[in-house]
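As they're listed, the protein sequences go chains A and B.
Start counting the first sequence at 113; every next residue gets the next number (the working numbering).
Start counting the second sequence at 113; every next residue gets the next number (the working numbering).
What the hints contain is simulated information worked out from the structure, not anything from laboratory work.
Among these hints, one or two may not hold up.
So the derived label-pair ranges between C-beta atoms look like this [as the list claims (entries may be wrong)]:
hint : chain 1 : residue 1 : chain 2 : residue 2 : range
1    : B       : Asn-211   : A       : Arg-167   : 17 to 25 Å
2    : B       : Asp-160   : A       : Ser-262   : 15 to 23 Å
3    : B       : Lys-151   : A       : Lys-151   : 53 to 61 Å
4    : B       : Val-177   : A       : Leu-286   : 43 to 51 Å
5    : B       : Lys-114   : A       : Arg-170   : 46 to 54 Å
6    : B       : Leu-286   : A       : Gln-192   : 39 to 47 Å
7    : A       : Leu-284   : B       : Ala-133   : 35 to 43 Å
8    : A       : Leu-284   : B       : Glu-141   : 56 to 64 Å
9    : B       : Arg-167   : A       : Glu-183   : 51 to 59 Å
Per the computed footprint, the stretches of chain A lying under chain B, defined by three or more beta-carbons under 8 Å from a beta-carbon of chain B, are [to be verified]:
hint : segment
10   : 202-209
11   : 212-226
12   : 235-246
Note that the structure is predicted; figures quoted are calculated from it, not measured.
Here a beta-carbon is modelled for each residue, glycine too, at the ideal position from N, C-alpha and C.
There are 2 protein chains.
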Amino acid sequence: MKRICVDMDEVIADALTEHLARYNEHFGEQITAEDLHGKWIWDVVSTDRHSVVDRHMRSEDFFEVLTVMPESQRVLRRLQMNYEVFIATAAMEVPTSFNQKYRWLAKHFPFIPSSHIVYCGDKGILRADYLIDDNPRQLRRFQGEGILYSSPHNANVTGYRRVKDWLEVEELFLG
Amino acid sequence: MKRICVDMDEVIADALTEHLARYNEHFGEQITAEDLHGKWIWDVVSTDRHSVVDRHMRSEDFFEVLTVMPESQRVLRRLQMNYEVFIATAAMEVPTSFNQKYRWLAKHFPFIPSSHIVYCGDKGILRADYLIDDNPRQLRRFQGEGILYSSPHNANVTGYRRVKDWLEVEELFLG
């Protein structure tokens, strides 16, 4: 059975919407996802505001409240019938996320056993056939086939098969 | 550069001594490591006491106070010069350990970057040439070469190259 690793933020968890909501509320602005075409949020907000964005992300309630990406639960359940599915997130970059991410997965993806959850940093450590991730830096390190999950910041990235939503993941792996 | 994954409990962190200390204090007994030849602590204490041992392990201060295995720091530093070294621990089995393990590693192994720390469940997910681990169940799942780190519970396990301490790890990989 082939193995698929699936990233969390921007793939099954909508972190960007929460980032923008907190940023806009804090600074009274109206940045939208469309404004981020080809850029991370860090690239469009001025440097003196980075610490605020960073503090939002490192708070004790950022990751726990994220919205589930549409169809990701249904499609992951289907994938489990034909593939070995692991969730693999670069949680080591944000230690405050450890418990939040664990509870979030238990709540929204209870059908993923904890034995199939991985917190890592460098995703080159994963032994899998596929990695679905929005971050090209991680896909470059990964030694299986990287599948790029579309997010505004990676709009201009090429060199990977790309999926724009979970219906496209379903089509790609279950045809 | 070849990659080595290194387990935490019973390999770089002396969890067994802490388990026995808490158990003996709680029940007024004197179980020693020698009593565990070929057995896990769960096999030698009566079933009605398992919940106490489990509660000890899941407390907020169990993993943080563990003693570092002799020579492990020095040898891991040396290994880093010739190998890519990752720490890989089955932390998903004990979520209360997430933050404790992170702080413990930062304190005792600050030369291991957080990008090279992995919390997982099933170590079959690791892409590495070697895994040094005391748990034969994990070594069986791992797809590189498993190196069995001696611990009382695995005294009778065969089928792997075995190291009894960090001097033997040093000899094996740098000898």
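Hints and how they fare:
The hinted window of 17 to 25 Å between Asn-211 of chain B and Arg-167 of chain A holds, with their beta carbons roughly 19 Å apart. For the pair Asp-160 of chain B and Ser-262 of chain A, the beta carbons lie near 55 Å from each other, so the given range of 15 to 23 Å is not met. For the pair Lys-151 of chain B and Lys-151 of chain A, the beta carbons lie near 57 Å from each other, so the given range of 53 to 61 Å is met. Taking the beta carbon of each, Val-177 of chain B and Leu-286 of chain A are about 48 Å apart, inside 43 to 51 Å as hinted.
The supplied range of 46 to 54 Å is broken by Lys-114 of chain B and Arg-170 of chain A, whose beta-carbon atoms lie about 35 Å from each other. At about 42 Å, the CB distance of Leu-286 of chain B to Gln-192 of chain A agrees with the hint of 39 to 47 Å. About 53 Å separates the C-beta atoms of Leu-284 of chain A and Ala-133 of chain B, a value inconsistent with the hinted range of 35 to 43 Å. One distance hint, 56 to 64 Å for the beta-carbon pair Leu-284 of chain A and Glu-141 of chain B, holds here, with the actual separation near 58 Å.
About 40 Å separates the C-beta atoms of Arg-167 of chain B and Glu-183 of chain A, a value inconsistent with the hinted range of 51 to 59 Å. Using a Cβ-Cβ cut-off of 8 Å, 4 residues of the segment 202-209 of chain A lie near chain B, which meets the minimum of three, so the contact claim holds. With 3 residues bearing a CB less than 8 Å from a CB of chain B, the segment 212-226 of chain A meets the requirement of three and the coverage assertion stands. Counting residues of the segment 235-246 of chain A whose CB lies closer than 8 Å to any CB of chain B gives 5, which reaches the minimum of 3, so the coverage claim holds.
When held up to the earlier numbered hints, the structure conflicts with 2, 5, 7 and 9 and fits the remainder.
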